[in-house]
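Asks: Listed below are the residues making up each chain.
Number of protein chains: 2
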Amino acid sequence: MAVNLPYPRGIKPVAGVAIGVASSGVKGDAADVALFSFAPEVHIAGVYTQSAFKAAPVILAKEKQRQSNTWVINSGNANAATGEPGLADAEAICASAALALNAIGQTASLATVQPFSTGVIGQRLNVPAYQAAVEQAASGLAADNWLAAAEAIMTTDTQPKAVTENVTVNGHTFTITGIAKGAGMIKPNMATMLAFMACDAGIAPALLEATLSEISETSFNRISIDGDTSTNDCFMLAATAQVGSMQFETASQEGFAELKYCLQTVAERLAQAIVRDGEGATKFVTVRVTGGLSSAECLRVAYTVAESPLVKTALFASDANWGRFCMAIGRAGVEDLDPSTVSLRLNEVVVAESGLVSDTYTEAAGSAALAGDEVVVEIGLGRGAITEIVWTTDLSYDYIKINAEYRT
Amino acid sequence: MAVNLPYPRGIKPVAGVAIGVASSGVKGDAADVALFSFAPEVHIAGVYTQSAFKAAPVILAKEKQRQSNTWVINSGNANAATGEPGLADAEAICASAALALNAIGQTASLATVQPFSTGVIGQRLNVPAYQAAVEQAASGLAADNWLAAAEAIMTTDTQPKAVTENVTVNGHTFTITGIAKGAGMIKPNMATMLAFMACDAGIAPALLEATLSEISETSFNRISIDGDTSTNDCFMLAATAQVGSMQFETASQEGFAELKYCLQTVAERLAQAIVRDGEGATKFVTVRVTGGLSSAECLRVAYTVAESPLVKTALFASDANWGRFCMAIGRAGVEDLDPSTVSLRLNEVVVAESGLVSDTYTEAAGSAALAGDEVVVEIGLGRGAITEIVWTTDLSYDYIKINAEYRT
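First to last, the protein sequences are chains L and Z.
All residue numbers for the first sequence refer to the working numbering, where the first residue is 1 and numbers rise by one.
All residue numbers for the second sequence refer to the working numbering, where the first residue is 1 and numbers rise by one.
Among the clues, some could well be false.
What the hints assert, rightly or not - Cβ pair distances, simulated, as ranges:
(1) Z/Lys62 - L/Glu335: 14 to 20 angstroms
(2) Z/Gly83 - L/Ala364: 44 to 50 angstroms
(3) Z/Thr360 - L/Glu84: 16 to 22 angstroms
(4) L/Glu335 - Z/Gly372: 39 to 45 angstroms
(5) Z/Glu374 - L/Ser139: 51 to 57 angstroms
(6) Z/Ala204 - L/Thr218: 53 to 59 angstroms
(7) L/Gly105 - Z/Thr360: 45 to 51 angstroms
(8) Z/Asp359 - L/Glu258: 52 to 58 angstroms
(9) L/Ala210 - Z/Leu293: 47 to 53 angstroms
(10) L/Thr107 - Z/Gly372: 56 to 62 angstroms
(11) L/Thr173 - Z/Gly83: 55 to 61 angstroms
As the list claims (entries may be wrong) - Computed from the model, here is a short list of chain L residues facing chain Z with C-beta under 10 angstroms:
(12) Glu335
(13) Ala352
(14) Tyr397
To be clear, the hints were calculated from the coordinates, so they are not data collected in a lab.
The beta-carbon is built from N, C-alpha and C at its ideal position, and this holds for glycine as well.
Excised from the complex, chain L in its bound form (with noise of 0.2 angstroms):
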């Protein structure tokens, strides 16, 4: 069902990175939860949920950012809304994974696991399932669980997605691969999203902390389904300082930018991933807003148009409605907007210049400029020089279905 999102292939292990998966049996026999241990070098940096209701693993996963080696993930049960007891289960789990890590040899404590969960919201984790199958991953440590995890942390998503790039700076190639989940519940700032990376070039923490922070804002905070945010929302990169002579310690230091863009192509590709594979998603649409006076309002209308219901169901039917459009970039809250320096262009149809319908525009056009299943819709605000993106999808029957029927 997702919009041209081929299958991973090609996913390559990172130095430093071993991966274990197993079945809690919470999901059937599919494998829910994925271990990682990364080598005692690793620098760790995580961007996470703004939500008030911010999920135990996420207020625990916070915490332990700075000491982190480790990272244990379940999918099913998000642990969310379960107060003091859910903050034990999730410090019950940690336990688990720092215990079968020493028992094999490996340096981990409490302090070191952060945990991450994603699923059902406001229900109890089944605690002794989820420890033995904690147990099980770490026995079965390799480097080449990559897609393994991925398809371990899936909920809703209807196919994993892992991403891997190679860059090669100041002689070094270095690996990143990257995996996450999404589906619905998708919006900037963190919704039910979780995303992990890592690299195995040494980057010191505070320039790794500002990179994660910088991609993040031109990736996953530049996608939306439906609006929604969740409270779990993790987005972790790691550093494992095992390719290279050095450790990356300023911006500026020569190599950086490329190995920044390296990371910044992984972190769009797991993010549109996301958005190809969202609920009911019969189409792929980039929302780009033009001639802006300031980032800020570029993304005030980028986003409004992205997350109108009137708009989404438009493109779902392949109706280039102008009156919808105008409708959301009238609303979006942009201070003394003019309509006649408004244009609105679908992939490569002109539908309206200077604020009106354009004189070349026909609905045969519109219509056939909707018939894919990629979408560019392009707004010329008319008034400055800032451009921005937004990536999102259609609103189809199938989302809800998907959110009317969906209980794990």
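Please build the complex by placing chain Z on the supplied structure of chain L, with the hints as guidance.
Replies: Relative to the frame of chain L, chain Z by itself:
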């Protein structure tokens, strides 16, 4: 399809208001033009859409408000995003109305006729067809045409919306009657919604304006169907000064509070009727947020919940999904919200207390609470004394069907 919305009955004329309806042929034989002609003593106030893409009629109606004694309304074409030509088209129809009214001895001019339109955006009006209908409407002016007018202004509405109330104040019985059209694109700050109310009391312009602003705030500005706002919304109130011995000049005058309460009631019932007839609605949902520190934060939570596609699809599925409410409340942007003081009640069933699923809650009770078509969602923030209410609907397959297939 509307949720518990009885067909309007007992709609009473308002002294000083004559109404004609006619068909332009644009919507087949159905009436799609309504003409309101007021007694010379009338004062008129209006609230207009805040969209940057204000439709031509909205721009003109706003300009003409002070001198207005006539409303001419068409459905089928919104005359929006039509630029300068759209303004000329609207004025041409106003001119026809003024001429037709002059011909039957009424005082009217281009300056006194306010135009209103609703329907498809971005297409030019069929001016001659509407002009002919306006002339026909003028020839059939009558006091008891409110319900016919309510039918003439419908677009995707499944039934007309009209409400009458009486109030006896200072020995005089005043009549207040109103009509409205809504359906999709309903959200505060005037969505694609037209509402026209008249009362036979005399109310000075400044007081009328202030009163309208106040009653719109707690009626039409408290409803949301899909979060989309339109280019054409207007809420108009005429005071014809045909009943009573004096004109109300200030809000503190004896009897005005009763009259205002009655105006408020009519506006609230019309606003609720719009929600009950929301596109694809299967439930009428009252979202009440209590215990807030401010009205603004209560409304932020109420609207975030009311507009969350995940909450709306859960309501459609009669799924008392605490997780989705958490998610929506959590992302509403209430500063320093403490999840452990938040509660949720669905009709009489306590779902969550202190941020956790209630000990007494059962899934059967939750499903039973949502089985009917009237749902009160009560969210307690537990941090203050303010309460706010918003009305909305669920999100169903039919919403997609209507909005993916709609084109007049």
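Asks: Taking the hints in turn, state whether each one holds.
Replies: Here is what the structure says about each hint:
1. For Z/Lys62 and L/Glu335, the hinted distance range of 14 to 20 angstroms is satisfied, since their beta carbons lie about 19 angstroms from each other.
2. For the pair Z/Gly83 and L/Ala364, the beta carbons lie near 23 angstroms from each other, so the given range of 44 to 50 angstroms is not met.
3. Distance hint for Z/Thr360 and L/Glu84: a CB-CB separation of about 19 angstroms, consistent with the stated range 16 to 22 angstroms.
4. Between L/Glu335 and Z/Gly372, the C-beta spacing of about 44 angstroms keeps the proposed range 39 to 45 angstroms intact.
5. Here the CB-CB span from Z/Glu374 to L/Ser139 is close to 55 angstroms, well matched to the stated 51 to 57 angstroms.
6. Z/Ala204 and L/Thr218 have their C-beta atoms about 56 angstroms apart, which keeps the hinted 53 to 59 angstroms range intact.
7. Hint check: L/Gly105 to Z/Thr360, Cβ distance near 49 angstroms, so the stated range 45 to 51 angstroms holds.
8. Under the hint 52 to 58 angstroms, the C-beta atoms of Z/Asp359 and L/Glu258, about 57 angstroms apart, fit the expected range.
9. Range check, L/Ala210 to Z/Leu293: Cβ separation about 35 angstroms, and the 47 to 53 angstroms hint is violated.
10. Range check, L/Thr107 to Z/Gly372: about 58 angstroms between beta-carbon atoms, so the 56 to 62 angstroms window is met.
11. Against the hinted window of 55 to 61 angstroms, the Cβ-Cβ separation of L/Thr173 and Z/Gly83 comes to about 57 angstroms, which satisfies the hint.
12. Look at L/Glu335: its Cβ gets to within about 9 angstroms of chain Z, closer than 10 angstroms, so that hint holds up.
13. For L/Ala352, the suggested interface contact is upheld, since its CB lies about 7 angstroms from the closest CB of chain Z, less than 10 angstroms.
14. Hint status for L/Tyr397: holds, given a least beta-carbon distance of 5 angstroms to chain Z, under 10 angstroms.
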